[in-house]
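Asks: Here is how the chains run, residue by residue.
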Amino acid sequence: MTAPTFFRVLMDLHLHMAQRRLGSLKQQSRLMLAVIMLFVLGYWVAGYALFRAGFWYLTKFPGLGGLLMDRMLYLFFAFLFLMLVFSNMIIGYSTLFKSQETQWMMTLPVRHTDVFRWKLVETALLASWAFLFLSAPFMLAYGNVRDVSWSFYLKALLLFVPFIVIPASVGLLVILFVTRYLHRQLFKWALFGLGTLAIIGAVLLVRPMDAGQLQQAEMISSMNQLLHNSRLALQPLLPSYWVASSMIAWGEGWGGRGLFFFLVLVSNAAMAVLLCAVASSRLFYDGWSRNHSQGPFRFGVTVLDREFAVRPRSSGLDRLLRLWPWLHPSTRALMVKDIRIFWRDTSQWSQFVIFFGLLGLYVLNLRNVSYDWSNEFWVSFVSFLNLGASSMTLATLTTRFVFPQFSMEGKRLWIVGMVPYGMKRVLLEKFWLSSAWSVGITLTLTLLSSWMLKLPAWMTVLFSATVVLMSFALCGIAVGVGALFPNFSTGSTANRYDNPAKIVSGFGGTFCFVLSLVYIVLVILAEALPVYWGVGVGSGRPWGIVLSWIFVSGLSLLAIVVPMSLALKKVGEMEM
Amino acid sequence: MIRTEQLTKAFGGVRAVDGLNLDIAAGEFFAFLGPNGAGKTTTIKLLTGLLKPTSGRALICGHDIQQAPMEARKQIAYVPDLPFLYDKLAPLEFMHFIGQLYGMDRAIVERASAELFDVFDLNGTREKLIETLSHGTRQRLVIASALLHNPKVIIIDEPMVGLDPRSARVVKDVLKERSRNGATVFLSTHILHVAEELADRIGILNHGKLIAVGTMDELRAASGVVGALEDAFLSLTREEEEAPVEPASE
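So the protein sequences, as listed, match chains A and B.
Residue -11 is where the first sequence starts when you use this note's numbering, and the numbers rise one by one after that.
Residue 762 is where the second sequence starts when you use this note's numbering, and the numbers rise one by one after that.
Treat the hints as calculated values from the structure; they're not laboratory data.
Here the structure is a predicted model, which is why all the values come from computation and not from measurement.
Glycine residues also receive a C-beta, built at the ideal position from the N, C-alpha and C atoms.
Mixed in with the good hints there might be a few duds.
Stated by the list, open to error - Computed from the model, here is a short list of chain B residues facing chain A with C-beta under 10 Å:
#1 Ala777
#2 Tyr863
#3 Gly864
Work out the full structure, taking the sequences as your base and the hints as a guide.
Replies: Below you can see the structure in the form of structure tokens.
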């Protein structure tokens, strides 16, 4: 079969299935669909308003407004490019080397390189759509403030096509080389090392502007500092530079310059695809075969293992969990199982490293911030911004990693469901385990960030207590909604829902995330309003904070109890 | 139709398939047996080109699966133990899709699908989404779709798992009929009576090595056991278990 025919057939198939999926939305609850639509619209409207306000603020800097706006665009695309490369690497690895569909395609009378090219397209779309969706308000706000014509948006859309091709090709090239020349266990460590290096590099190189100085009369030096610190985004060899330059030029009405950078982008995208095609013809099948032929890896030691299986770990983990004697043995066994499965799944692990890395980067950068703590505005603003950022990241983590836990048991559900204490214990174990690591991570980060921000003791206690409550509540929502709206495969053919990323992309995952965000907004509003109304701790009228705490505690309890009790009821009646 | 020459696959330091030599003729029904972890699925993956051999080669209809994969794969129908299906398609749509992938004429696909749906009792489900089908129905659909392009070589891994007796009978009859009509069937299974009932020859793999191959009578003679295949199989594999394991040299 020729490549164009293969592509056409697959394109028809996927369009057809996409229509089916859209059609099946009609069977979902209208209320939930409305909530999700409202959330999407809310994000776009709020995002647009915020970005627009930000851009307007920048335009007010005399003589520097345009420059700062453009710099924002360069920074935005540089960050987007980096995220797209990582996203393509992770999705590309799953799509190319872990997917049952790829394995099936490899047995068809189709060239391996054609399978690879199809998967390149699939990976690029899967990895990029969310970023484009999220960046739409930014682009609209930029266009509005720049007062561009409608054709600017069409050109921007056109620019996105070659722009998403380059990180997809770069990401898959990295994956091709890694799978061909590195053991997959080593890949996990390499990714971990790379992530650590990236964080260290970012901490050393990226220094946010000292916001305290903004308040003082050192505007020019602050601007200099900002422009100096963001100069990395102006590297002319970066694809993000070409796309931003083209967009800026088209925004200004300089058609020739815009077209030049567009063509630079297109030619480099074509070159990236060509490189990918050449590399795939030499490396893909070898890498595929190696990836599916590897025994266990030990540093520098050849392993002879009759069954090619990972040897059961000596019971270090068991011993650790035995330190908590009140844990029932079956709960401990479930915890050991969940931790081991998580550790051994490269795709889970790598995404966790990225999430955690971003959060760590944020906290580490707080050391560069020195606010004027006598100014009540900065105290309140930065503190609640910090709480909001941390809790949003936690909600993403719980939706991405905790929500799919129940669905991932899938067809193996009966194994854990048949234990003497049944499914309820399984669900409770997932709640406690996820809450434990969530509290561990968020409490550490909150204490660290409070220390770096030099927050007063009462605020550190308030935020620490809040994130502990939020961790439990968000895990309650994720575990509960995960069991109420599981995403199982319906049969024993290739279980596509072994991939947690796909479980999350379903209706239940979206609902879980929306519910988590609603909870976070309510908590932050409840804690911020007393400060805004002047009835907070420092006001001499602290009853406001007491009331808000009662509300937050009650709300968190509801967020745990309602989904968990509904889920426990459901799994108690579940037929396996 | 299927030929392997010193086919070897090493995983790390262990040979999952070790110097396998097979020669299976056109129209032959070959059953491939072995204990868990013997290397049966690895052999199948080497035959279908899913894995690259460490050494040796596999030929399908005279085409080396590594050197001429397209020519070889056109002749193969492969049904893995965990087959892949698109959940959001209906069975008939899936058949059309497979027909397109094999470059078949639409009218031929229609006719062949209708025949296969009759044989595999899939007519009642042709418009339903695959995600709603039971395991047995999915398994029948997978086998039907694999036979759509009239392959010369059918490689099938544990096809009877999850099938009810009637469906299992249908699958056995269809495979036997295809074999009588000239197709080579390579069936990997743990269900010994299926092998005994259908196979012209049986190969037994243990620790990656072909420890016995032949007709039922030849296997009985080799094992020194008079009786069912089960006794011969247990006798042959027990002897092998007692022999020392030789690690790979690489």
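Asks: With reference to the structure, classify each hint as holding or not holding.
Replies: How the hints compare with the structure:
| no. | hint | result |
| --- | --- | --- |
| 1 | Ala777 | 7 Å, holds |
| 2 | Tyr863 | 7 Å, holds |
| 3 | Gly864 | 6 Å, holds |
In summary, the structure agrees with every hint in the numbered list given earlier.
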